[in-house]
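> Here's the letter readout for the chains.
2 protein chains.
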Amino acid sequence: MAVNLHDAAYELERSIRNSNEYHQLKQMYDAVNRDESARRMFENFRNIQMQLQQKQMMGEDITQEEVEHAQKTVALVQQHDMIGRLMEAEQRMSMIINELNMIIMKPLEELYGVAAE
Amino acid sequence: MAVNLHDAAYELERSIRNSNEYHQLKQMYDAVNRDESARRMFENFRNIQMQLQQKQMMGEDITQEEVEHAQKTVALVQQHDMIGRLMEAEQRMSMIINELNMIIMKPLEELYGVAAE
Ligand SMILES: [Ca+2]
Ligand SMILES: [Ca+2]
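Just so you know, the sequences run in chain order A and B.
For the first sequence, our numbering assigns the number 19 to the initial residue and increments by one for each residue that follows.
For the second sequence, our numbering assigns the number 19 to the initial residue and increments by one for each residue that follows.
Please note: incorrect hints may appear among the correct ones.
[What the hints assert, rightly or not] Just a few of them, taken from the derived set where beta-carbon distance is under 8 Å, the chain A residues facing chain B:
{"no.": "1", "residue": "A26"}
{"no.": "2", "residue": "Y40"}
{"no.": "3", "residue": "M46"}
{"no.": "4", "residue": "Y47"}
{"no.": "5", "residue": "K90"}
{"no.": "6", "residue": "T91"}
{"no.": "7", "residue": "V92"}
{"no.": "8", "residue": "V95"}
{"no.": "9", "residue": "Q96"}
{"no.": "10", "residue": "D99"}
{"no.": "11", "residue": "M100"}
{"no.": "12", "residue": "R103"}
{"no.": "13", "residue": "L118"}
{"no.": "14", "residue": "I122"}
{"no.": "15", "residue": "K124"}
Don't read these hints as lab results, they were simulated from the structure.
The C-beta atom is built at its ideal place from N, Cα and C for all residues, glycine as well.
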């Protein structure tokens, strides 16, 4: 990979690392991890999410019971103030990453946009 | 989004656009699109690829007939010199994008790597 590409990527990496959004996300993440009960609740939520996503990717059926269990877990974590704020911080970071990707991927989109017609 | 994040993303976008790999990819893409028979063969190949990917994502079964048809199409495009070179250029670009993403995503990986333990 050419040096300027490498340098530009690391410059963007530093900008992400120094952004308010990243600092807030890290802060909320650390806060949840320091709180044993919050950490367990959040881990449980993430595990259920990942299991369902994996099933979807494998084309496996998701039972009504699993859907209800997942919904209960979502409702539970949303009521938890600290986890709620962590999830909001994750959403903001995720939106930023999407915006950055849209900018970076413009050259390729232009190329394939033409070909798609 | 903060100005420096935005600027850093556009700087990386410019670096991609000015890279040799992007220029080569564009050159091969344009060459294939100018050649009617190559363009059709490549479009056909891409359509078959996308259909199979969509089926996989939806968890639908892929028949033996579809697998064989896809394999024949791959063999056909690989024999085509110009399309072969386009596909090589795409692979090189794809590797670059993966490398860039790994650099950019380091801050988030660090965060979630800790949480995963
Ligand atoms: Ca603890
Ligand atoms: Ca033509």
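> So, for every hint listed, does it hold in this structure?
Quick rundown of the hints versus the structure:
This hint holds: A26 of chain A has a C-beta 4 Å from the nearest C-beta of chain B, less than the 8 Å allowed. At about 6 Å, the closest approach between the beta carbon of Y40 of chain A and any beta carbon in chain B falls short of 8 Å, and the interface hint on this residue holds. Here the hint on M46 of chain A is broken, as its CB sits about 10 Å from the closest CB of chain B, past 8 Å. Restraint check, Y47 of chain A versus chain B: the minimum CB separation of about 6 Å is within 8 Å; hint holds.
Evaluation of the K90 of chain A hint against chain B yields a violated restraint, the C-beta minimum of about 22 Å exceeding 8 Å. For the restraint placing T91 of chain A at the interface with chain B, the shortest Cβ-Cβ distance is roughly 17 Å, beyond the 8 Å limit, so the hint is violated. The interface hint given for V92 of chain A is violated, since its Cβ lies 18 Å from the closest Cβ of chain B, which is over the 8 Å cut-off. The restraint placing V95 of chain A at the interface with chain B is violated, with a minimum CB-CB distance near 14 Å, outside the 8 Å limit.
Taking 8 Å as the C-beta contact cut-off toward chain B, the hint placing Q96 of chain A at the interface is violated, the least distance being around 19 Å. Evaluation of the D99 of chain A hint against chain B yields a violated restraint, the C-beta minimum of about 19 Å exceeding 8 Å. The beta carbon of M100 of chain A is not positioned within 8 Å of any beta carbon in chain B (closest approach about 14 Å), and the interface hint is therefore violated. A hinted interface residue such as R103 of chain A counts as satisfied when its beta carbon comes closer than 8 Å to some beta carbon of chain B; here the least separation is about 15 Å, so the hint is violated.
Nearest Cβ of chain B to the Cβ of L118 of chain A: about 5 Å, under the 8 Å cut. The hint holds. For the restraint placing I122 of chain A at the interface with chain B, the shortest Cβ-Cβ distance is roughly 5 Å, inside the 8 Å limit, so the hint holds. Checking K124 of chain A against chain B by beta carbon gives a least distance of about 6 Å; that is within 8 Å, so the hint holds.
Violation of the numbered hints given earlier is confined to hints 3, 5, 6, 7, 8, 9, 10, 11 and 12; the remaining hints are satisfied by the structure.
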